[in-house]
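Going by the numbering used here, the residue at position 695 of the sequence shown is 695; the numbering climbs one at a time, nothing skipped.
Since the hints were derived computationally from the structure, they do not count as laboratory data.
A hint or two may mislead.
[Claimed, not checked] Below, in silico cross-link-like pairs of lysine-lysine (DSSO-like), each with a Cα-Cα straight-line distance of 30 Å or less:
1. Lys591 x Lys691
2. Lys591 x Lys581
3. Lys579 x Lys590
4. Lys525 x Lys477
5. Lys477 x Lys90
6. Lys427 x Lys412
7. Lys579 x Lys669
8. Lys225 x Lys87
9. Lys732 x Lys691
10. Lys525 x Lys590
11. Lys173 x Lys337
12. Lys766 x Lys732
13. Lys802 x Lys734
14. Lys492 x Lys519
15. Lys519 x Lys691
16. Lys591 x Lys541
17. Lys412 x Lys581
18. Lys250 x Lys90
19. Lys519 x Lys581
20. Lys87 x Lys412
21. Lys732 x Lys640
22. Lys477 x Lys250
23. Lys345 x Lys427
24. Lys412 x Lys477
25. Lys824 x Lys732
26. Lys640 x Lys691
27. Lys669 x Lys640
28. Lys640 x Lys734
29. Lys427 x Lys173
30. Lys802 x Lys766
31. Lys581 x Lys525
32. Lys519 x Lys579
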Amino acid sequence: MQSKLPAAGLIPELITAVAAGNVIVGAPPGAGKSTVLPLALLEHVPGRIVMLQPRRVVVRNLAAYLASLLGEETGQTVGYRIRGESKVSKQTRLEIVTEGVLSARIQRDPELAGVDLIIFDEFHERSIHSDFGLALALEVQEGLREDLSLVVMSATLDVDELLTLMPGATVLKSAGRQFEVEEVYTGQVQSHTLHEQVTRHIQFSLAQDDGDILVFLPGAGAINKVATLLEQRLNASEYVVHPLYGALSKQRQTAAILPDSRGMRKIILATNIAETSLTIEGIKVVIDAGLENVANYHPPTGFTRLNTQMISQASAIQRKGRAGRLGPGKVYRMWPKEQHDRLAKYPLPQILREDISPLTLDALAWGTELHNMRMLTPPSQAQSAAALHRLQQAGAVDRDGTLTAHGRGLNKLSVHPALANMLVKAKEAGAQTHLPELEDVACYVAAACEEHTASERQFHVSAWLEQLAEPQLSGLKARASRFASALGISLKAEIRKLNGEAVAVCLALAFPERVARRKQGSDYKLASGRGAALPEGMIEKSDWLVVKEGQVNGSDVIIRQAEPVNEFLLRQLYPQAFKLKDTVTYNSQKKQMEARKTEGFHEIVLSSEPAANVPARIRGEAWVSLLEGLPLSAWPFSEKDWQWWYRYQMACGCDLHQPQAFDSPPVWKNPESPLSLLDRSDISARLSSFKSWEQLAGLSWATLLHQSLPWSQQHAMDNALPLNITVPSGEKRKLVYRSNGEVVLPVRLQEMFGCADTFTVADGAKVITLELLSPAGRPVQTTSDLAGFWQGSYLAVQKEMKGRYPKHRWPDNPMEAEAGRSMKPRK
């Protein structure tokens, strides 16, 4: 069977290419790249092969399947290693790994002794670990191991993109699946009826089609709802329903993948973990809801925002391929055909959706910065700044972003830096809080947090840990033991008897910004300053919580799992964080700053009372902070100030310079806020005595801003963008600069007689619009073509104005009239 798969045709070329260097394999779903090619390479690569797979559930099953093809058990020639679990031996030559296992291995052994080849499977999924692992491997290859070969295998990724990272790599492409899959588009699905419509499609397919059915749903919640409906409507003696998602036990995942022992038709309700590499036997039909739950990290809160969104075209192709692995199949796509081409081509790379503080720490430990590594997609600046801030809070890096000795120690624990910091500091914290078992509890809490498996039934973390069932319990114990071994201790505490106070202290050690205090009812405030709320209907007695899991909802956080903590313990743990301080806040109703003496824990205010005096520095900083948060339209500008600002924006847009006056032209920057032009400490000092908005609005911002510019820019603005201009009457008239970039000259019509010139500013770059006024000062014509006005519409204006203002001059030939006063001279 393996030799008949399309990828088998690549084997001769692949073996030759691997011997010469790097290889990129493009093979559509069902080609057999994950099974045929690794086994073929085993016969020709003398050393060990490490294959990185992005999904944990795939690793176990793929290793078992490949081992079975060799007639062996997992852990012999083919083994696997995932976080906290492994099946390998001295004879293992193909090791399938996932998550951060490869990165940690390279950090420990940069030369990768004994490894001749690394395979990056399913690279099109753009896993954060695949991206970073490839970046590390490329550096190892370039600096330490020229003989190391890299193979990147992708089903749907644009191969040309990869060539930018791996120039010179051999590109091999395989044909796709062997069997045709019929596409059926069922039309638009309403989100509130998704579960009902999916259930009906399953019932329809059971009646019309043969074979087992794989149903793709966005998440565990949707899976459980559809499973309940099927239980009510199907005959349990004919069909068996299996859920398949990441949080399920290994046994339940295996049951979903293998054929039913009783020969019953299977209906597998899966998330997108079933998209790749897993061959689920018997599948002939795929029902694709076209949706996925995507967790996006939200740097301002440190929590994730869960979005249900349409899948990409690449994911749709992958899902369709599940139905054509073993024979002709059918896919029901629950969206209109015309919508398919509008889907995103590829999913957003995981690195743009995740907290990158672990990767940032890994890169620093490697001796570089993340943005300097060869990444297919670099993280955003906001992500990098948030990651650096978190690492600084944990003491892993200093103010300059340099890795500290403490940070190097955290990196060796191979867990999120916040959890590593908790583990390292648990012993000292146990002494502070008189909780001697804290080190043990920290190991269990780290293992629990590492999995991100908040229970929908148990809100309190300690209660959830107490009620864990096998095999989840044994898995957590194994991970906790790994942390204990790294700390040099042996676990004594029983997981079912953990002290809730100790659990809370551990969480507070890891996530001090997630400590929350009740404001009123179900509303809390986090130490980070963000709002948080209990789930609807939840009742919580404790006024203080430490949040383990939360979900961003708007600008606030819905608390999904937490542990009560008392204030006394927090004061023991963080005595320096509880302090009295002078604060100044703006009262928008009274339009003035108010000084108060407050006690708080970070941004949580415990008590507050009016203060007679506060340091001037604090008042000045409060005004600056207020200005920082204002949109431009709300700035306390007078008309004079706005005129300066519009002139400055025009200077930036025109890139004003006068090379004859200066050796080098001024460099203009166009900031969103005027504050960017001012020295923060200077403006803070100037505002330190201000108490009201009225005082702020009375400040001559135009003067301050103008004086903040280099002299060359001041000179350029004064000369090229004047405030006034001399008109033909000889008088100076004020120019009006507008927000849309227009420059207007309001002037009485008679003052322009005899002139056909075009007026400009900005060294001729901007034409001035003339707003010609009546004797009463009202606009009668707007034009930038004065000559055209005299020859054209002036006659209509003259006729109307003569009747309305007979004592004023309205000559028949304005070009021959003298510019000047409006009224006729007395006879």
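Which of the listed hints are broken here?
4, 7, 8, 9, 14, 16, 17, 23, 29 and 30
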